[in-house]
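Q: In case you want the letters, here they are:
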Amino acid sequence: MSNAKKKTGLWLDVWKRFKKNRMAMFGLITIILLSICAIFADYIAPYGYDDQDLSRSFLLPCKEHIFGTDNFGRDIFSRIIYGSRISLTVGFFAVGFAIVVGGILGAIAAFYGGKTDNIIMRAMDILLAIPGMLLAIALAAALGPGLRNMMIAIGVGSIPRYARVVRASVLTVREEEFVEAAISIGASDARIIFSHIIPNAMAPIIVQATLGVASSILATATLSFLGLGIQPPIPEWGAMLSSARQYIRDYWHLTTFPGLMIMITVYALNVLGDGLRDALDPRLKN
Amino acid sequence: MSIMVENMKEKILEIKDLTIHYIIEDSVVKAVNNLSLDLNRGETLGLVGETGAGKTTTALGIMRLVPDPPGQIIGGKILLNGENLLEKSEREMRKIRGNKISMIFQDPMTSLNPVTTVGDQIAEIIRVHEKISRAEAHIKAKEMLELVGIPENRFSEYPNQFSGGMRQRVVIAIALACNPELLLADEPTTALDVTIQAQVLDLMNKLKEEFNTSMILITHDLGVVAETCDKVAIMYAGEILEYGTLDDIYNNTLHPYTKGLFGSIPDLYRETKRLNPIPGTIPDPTNLPPGCTFAPRCTHKKPECEIHRPSLKQISDTHKVKCILYDV
Amino acid sequence: MMIPVLLGVLFIVFLIIEITPGDPAAIMLGEGARQEDIENLREKLGLNEPFLIRFVNYVKGVVTRFDLGISYNTKRAVSTEILQRFPKTALLALLSSIISAVLGITLGIISAIRQYTIFDNLATALALFGVSIPNFWQGLMSIIIFSIWLGWLPASGSYGPEYWVLPALTLGTSTTAIIMRMTRSSMLEVIRQDYIRTARAKGLSERVVIVKHALKNALIPIVTVIGIQFGGLLEGSVLVETVFAIPGLGKYMIDAIRQRDFPVVQGGVLFLAFAFSFVNLIVDIIYSYIDPRIKSQYKRDKKEKSDSNKNKKEVAYE
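Protein chains in written order, with the numbering used here: chain A, 1 to 286; chain B, 1001 to 1328; chain C, 2001 to 2318.
Hints are supplied without guarantee of correctness; some may be wrong.
In silico SDA-like pairs for lysine to any residue, Cα to Cα no more than 20 Å straight-line [what the hints assert, rightly or not]:
| no. | chain 1 | residue 1 | chain 2 | residue 2 |
| --- | --- | --- | --- | --- |
| 1 | C | K2295 | B | K1259 |
| 2 | C | K2295 | B | V1128 |
| 3 | C | K2212 | B | D1120 |
| 4 | B | K1095 | C | L2128 |
| 5 | A | K115 | C | P2004 |
| 6 | C | K2295 | B | T1110 |
| 7 | C | K2295 | B | E1157 |
| 8 | A | K20 | C | D2120 |
| 9 | C | K2295 | B | F1155 |
| 10 | B | K1273 | B | P1283 |
| 11 | C | K2075 | C | K2216 |
| 12 | C | K2212 | B | P1283 |
| 13 | B | K1100 | C | L2122 |
| 14 | A | K20 | C | P2004 |
| 15 | C | K2212 | B | E1157 |
| 16 | B | K1095 | C | K2212 |
| 17 | A | K115 | C | V2131 |
| 18 | B | K1301 | B | P1283 |
| 19 | C | K2216 | B | K1100 |
| 20 | B | K1301 | B | D1317 |
| 21 | C | K2216 | B | T1110 |
| 22 | A | K20 | C | L2128 |
| 23 | C | K2295 | B | M1109 |
| 24 | C | K2212 | B | N1153 |
| 25 | C | K2212 | B | K1259 |
With the C-beta cut set under 10 Å, the calculated list includes, among others, these residues of chain C facing chain A [as the list claims (entries may be wrong)]:
| no. | residue |
| --- | --- |
| 26 | Q2035 |
| 27 | I2038 |
| 28 | F2274 |
Some chain C residues near chain B, calculated using beta-carbon distances under 10 Å [as the list claims (entries may be wrong)]:
| no. | residue |
| --- | --- |
| 29 | R2076 |
| 30 | Y2195 |
| 31 | I2196 |
| 32 | T2198 |
| 33 | A2199 |
| 34 | R2200 |
| 35 | L2204 |
| 36 | H2213 |
| 37 | K2216 |
| 38 | D2284 |
| 39 | I2286 |
| 40 | I2290 |
These are calculated hints, taken from the structure and not from any lab test. Ideal Cβ placement from N, Cα and C applies to all residues, glycine included.
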């Protein structure tokens, strides 16, 4: 069997195993639906995210506003749809940032070994010594508000995770390729990286990344809840919870729906990540 | 004359038509099939066979420790001193395990609880079956340690501080602490160095003599059998193919499989260029051949062998064999 | 081996301080302060020194005088403010740990024994929800349901034991879930081991086998998890205190963010990071005590080391 055909055969097996896991499928479908909401928010949301109508404020869920309206009379359902944009964007970019930076560091550490490896891994240990959420809070407070700053603040804490994964993959492959590498030099370094290291590292990175997006979305909500990052009137689920606090005695719907969205999204991603992990390496399951 | 002598010996264990299956997803692993065995008091029976023959399952069956999903004892009787173990309640079995029948397993490195001292592990079994105080149990445990050749001041040490051979001695101490009538030893020396093997076997023999314990020794090593056993049972694909005294089996080998086993041992005194393994492999336990289970590999195969499963025939008062060649 | 890590943490916090906008001297003196006063204060505080010198001074200050800066708001030492409020945070984290440990371990054991039954599947699903739910939202919803609708428990403050129920349960939810999953997998692995079979062959009842033999072994990695999670609880308490208005270190830090009182935020993060490392260290030490394999390995290594030292000395004289 040719290499290409073997590869598609392997991915097909993974997909078949994945399909059997109903929870994981639920997660996948949920995330796909959410992504559609994020991309096509303008078409899906019945109202704009900042369409205020003070005469219709604080409405409980009803026919025109299925999640009710907030203190400015804005439709909560629409704001939640638009909110998915923020959550997913920050989530993906924070993780992407961490994968790139962490991956490069991990690859360098494993490739050159020795002192370089020691120094880089020590630096990763130091980053891990500060609890992730605290680091994000401190960074966000220092960097100031804004989407980009949030991505960096959240991403920095995740760097060590991906550095370790990539480093482990490079080390495994380095053992195998040692003989070949000893013979051919120079150009084949790049080929080794692309045709061997990256495929080897892909599976654990995908799993970690999925779970990473889950925790990034949680972190985004947390930062916004605390008043860091998102500025009104942009609808972020955590920020919506923050402004719902003052009305908690009388209007439960302001609190319930945004939080429910956060939980469902994070749950879907967690379940998806677990399912991917089981499908990619069923041996680990036992 | 000799018939009378044999029948006058007291039978401590009688297994009749024992059948144990493992049910896994869609297939049924027929581990033990209509197995019958006897053991006299004070004797050592060597249960010999290749890996996968069903020896461990048989021993677990006697202890009623076959893991219940997926294993099940389908039928048969196991008589210990005339009482059928398969009819006993779980509570009654717990009184028998460790007390009337003990079992020791193959790998000493993993058979002991890593976070309890060896002394406590011996004392534990004593306190389960005898109503004595903790202090008294400790004293008895220390005696057992000395008995198996371990200084009693090592009572409070943990298993990882002992070598493989010494751990197996601890296992033996635990097994014999309550002076059981029957000891089931599942390949007790296979995982040990050859030199340590001899020591451990000597120890087992010595203790066996001292306490008059009956023993079933599971092994695939015919050399070990020759050193320690009185009777031998050759097991294959869940059945006993040949059974007899040491003399019967070694000097009057009957079954083609048994002959094959002896033939495959390289002879120290003869120069040979190649080994003589028995051709083929053991049958798939989920798909046993109809007729004789050994037929596919047998050099003396006849056409009837593949259709008709032979039964165990008594050749002499001690010697039984399951082969069409000896159906008179 | 912990020292370089702590040094590194100091460095990172220092970097964060550096990138924070605003001139500390100007902020401390307030609006309308004169330029030369600001300059004088900058000199006094050593703010004009080069980067490395300021870092060294910073480290010296933290290590020798426990100086974490001055609060912009109250003008008092940050360290004093922190120490005043930390006990409430520690208490909350401790309560949550205990609840999570008891609940998590119990549920985990039952799940393992009844693997694949309805209980197990339900527990696993609930555990997944437990780690997915944002703790501040859980707090808010608990207030709505148990305080406002049912009126069973108070919503804010810390004036008596009943005030701690909702906060501790909220904070402990994700930890309970993690401990439960960990216990389950640890038990499942242990139950498959050979020594469990040996225990059954001794004639022990199944209950004794599970509790005395399986659990004793399974708990070892679980204790580590509990210890590590304690650090996470310190982190989570920041949010839970805010939601339930408990006057601990977390709420103090969040309020400080709103008031742009940066030294408090940075000092708080540093303090909690150190507390986190300290807890991890304790966990390592406890672990080496409760696992006899590690304990005897440690003794053996010490003996080998002193043996090899003796040998070294002899060789040096040749």
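Q: Are C:K2212 and B:D1120 close enough, with their CA atoms no more than 20 Å apart?
A: Distance of about 12 Å is within 20 Å: holds.
Q: Against chain B, run the beta carbon of C:I2286 and see if the smallest gap drops under 10 Å.
A: Check failed: Cβ of C:I2286 comes no nearer than 14 Å to chain B, outside 10 Å.
Q: Take the shortest C-beta to C-beta distance between C:T2198 and chain B; is it under 10 Å?
A: 5 Å, holds
Q: C:R2200 was flagged as interface toward chain B. Is the shortest Cβ-Cβ separation under 10 Å?
A: 6 Å, holds
Q: Quick check on C:Q2035 please, does its C-beta sit within 10 Å of some C-beta on chain A?
A: Where the cut-off is 10 Å and the nearest Cβ of chain A is about 25 Å from C:Q2035, the hint is violated.
Q: Tell me if the interface restraint on C:Y2195 is satisfied: Cβ within less than 10 Å of some Cβ in chain B.
A: Where the cut-off is 10 Å and the nearest Cβ of chain B is about 5 Å from C:Y2195, the hint holds.
Q: Need the status of pair C:K2212, B:N1153: alpha-carbon distance at most 20 Å?
A: Distance of about 24 Å is beyond 20 Å: violated.
Q: Between C:K2295 and B:T1110, is the straight-line Cα distance small enough, at 20 Å or below?
A: 19 Å, holds
Q: With the threshold set at 20 Å, check whether the alpha-carbon distance from C:K2212 to B:E1157 stays at or below it.
A: Holds, because 18 Å separates the two Cα atoms, which is no more than 20 Å.
Q: For C:K2295 and B:V1128, compute the direct alpha-carbon distance and say whether it is at most 20 Å.
A: 29 Å, violated
Q: Quick one, is the C:I2196 hint okay against chain B at 10 Å, beta carbons?
A: 8 Å, holds
Q: For the restraint on C:F2274, tell me whether the closest CB of chain A is nearer than 10 Å.
A: Status holds, d = 9 Å.
Against the hints set out earlier in the document, violations occur for numbers 1, 2, 4, 10, 11, 12, 13, 14, 17, 19, 20, 24, 25, 26, 27, 29, 38, 39.
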